Structure formats: structure tokens, C-alpha cells
Amino acid sequence: MIWQFDLIILGLLIVAAVLSLRSTDLLSATMIFGVYSFLMCLLWAEMAAVDVAFTEAAVGAGASTMFLVSTVYNTTRKSSD
Amino acid sequence: MKTLGAIAVIITGALLLYASEDFPSWGDPHSPANQYRVSSHYVQNSFGETSVPNMVTAILADYRGYDTLFETVVIFTAGIAIIAILRGPIDKRVRLRLASERKMRETNLILAQTSRILVPVIQLFALYVIAHGHHSPGGGFQGGVIFGASLILLALSFQLQTALDRVSEKKAVTLAAIGILIYAGIGFVCLLAGGNFLDYSALQVLMPVGAIEARSHGILGVEIGVAFTVAAIMFAIYANLSSHGRMKGGL
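Just so you know, the protein sequences line up as chains A and B, in that order. First residue of the first sequence: 1, per the numbering used here; consecutive thereafter. First residue of the second sequence: 1001, per the numbering used here; consecutive thereafter.
The hints are simulated quantities; they were obtained by calculation from the structure and are not laboratory data. Among the clues, some could well be false.
[Stated by the list, open to error] In silico DSSO-like pairs for lysine-lysine, Cα to Cα no more than 30 Å straight-line: (1) A:78 / B:1002; (2) B:1170 / A:78; (3) B:1248 / B:1170.
Being a predicted model, the structure only gives us computed values, none of them experimental.
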């Protein structure tokens, strides 16, 4: 575990989480959520939990982002709050 | 209301940070979780008992096989629930919008040709991840998701219909059910062979290998079942979400 690397990922993780919550454009919120998942995957890999990191990369950053994009496409793109 | 929520979030966050002080430090060999005999048993004996080098796979599919069986059932149920919800009566506004957007999207030449090359490679890699889960990170869940993602890529870069021609929704749900059948079936074969449910060492009477090797092969069998279910359900969920459960148009 390299603490400098951890710190950078953790900082970006918080930025991504806040941006994804604050964005009113749901498509960009979804994309930032994908970035969040990928950073989470990096963090798992960094903590030597490679299996969890693999799952996070495949499910979190890949499939669930795709599901959210297709849901946004079929509902509304602008958030009301 | 908003400030009240912010105050509640800040107080909860501060409490959580305060409580995390009491956690054992990362990778501490003297933490309670590492000192309890169960984890040391897995670390010391899992390779000797199952001949699977990847401890995570051994625990997931063998020691806690019952747990993983119902995790797979959860994924199956989630997919069925999404299909059931989206197939219901459709909102009038949505129907009008769907009718107006029903014109065929053009297939982009570069996207189509790239994914034509890429999809077989992704599928081969997915099969490798499933089959090599014993020795490297991966297994049924990850490989299944990657395989489902290759079908989703096909639907994205061509039409949804292109992917549905290869795996129709009916076929996908059937494959998902077959995956669970494989998993639970291996458990029942263990029962018939004289062991406990999902006790793969009982399979040695059916295979020309010893009890330890039989556990390794049993793990491979259930991983294949998991991969069937996950891959098929991933594609079925995408096909339904992207087309409002109508299986036409898509993204």
C-alpha cells in the first residue's frame, strides 16, 4: 500500500462523488458515477483485493453504467432537483 | 430542510470517522478477524483441501457454495423483476415518443467494423476468465458480466435487433435458468453420490480423480453455471431497459 497513491485516489473519489450528486444533467452524472466506480476499482486493486477490483471494473464501471445510460435515455435527461 | 440534511450528514460522517479510529489497521495480523481460527484455516488449508490456488474462488464456490448459489438466484430474480416491470402497461406519453422515434438508426461503419473485430476477442477473454478463475482473479461472475457486455456492445454498435438475432430474449432467460439448474444440479448430484449438498468431494465416484481434484472440478462446474446466468441476465436487462421492454429500436 502506497499512501501517496491512496491519497490521490481518495481525493478524486470524493470529488467524483460530490460532482455526480450535484450534476443536474443525469447523463453526465451517470458518466461521473462510472468514473467513481473505476476509481473504487483502483482502490480495491491497490489494497490487494484483486478479485473485488475485477468485479468492480466489470460490474460497476461497465455494466451498471450502461444500464444507467439506457435508463436516462428512456426517461428524462434533466434532473428537477 | 436542506441545511438540516447537511447537518445530519456532517454529524453522521464525523461519528463514522471517529468510530473508524477503533478499527484494526490495514492488514493487521493481530486483528480479531485474522486471529479467529476460520480465516487461518482457509489460509493454511484451502489449497491442500481443494487444490485451487486462488483462495477467493475456493471460498466463494466451495466453502460458501450455498451462499453463492443464492447470490446467483438473486441476480436471476432481479432480471426477471426488471422484465416483469417493463412489460407492464406503458405510459401514453412514452408510447407517443417511442412511436415518433421509431425510425431506424444508421449503423456507423467505423463502430460496426471495430466491434466486429472486438466482440470475439472479448468473448474469448470472458471464457478465459471463467475457466481460469481457479488460478487467477476472476470466475463466473466476472466472466459472465464480460460475456454479457460483449453482447451489449454488439447491440450498441449495430442495432438491438442484431444482438437479439443471436440471443433472443426468450433464449437469454432460458439460459439464465439453465445456469441455476447447472449449479443446483451439481449440488444434487453430490447428494446422489452420497455426500452433502454441494460437497464436491463426493463427485469422485463419477470422475477418474481423487476427492481433492473432484472439489476443484466441482468448482469449475458451478462457475460455469454462474457465468450462464450472469451473462444472460445482463443482456436481458440491457435489452429491456434500452427498449422500454418492447425489444424494438434500442439506443
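Verification of the hints:
{"no.": "1", "hint": "A:78 / B:1002", "in the structure": "holds, 20 Å"}
{"no.": "2", "hint": "B:1170 / A:78", "in the structure": "violated, 34 Å"}
{"no.": "3", "hint": "B:1248 / B:1170", "in the structure": "holds, 15 Å"}
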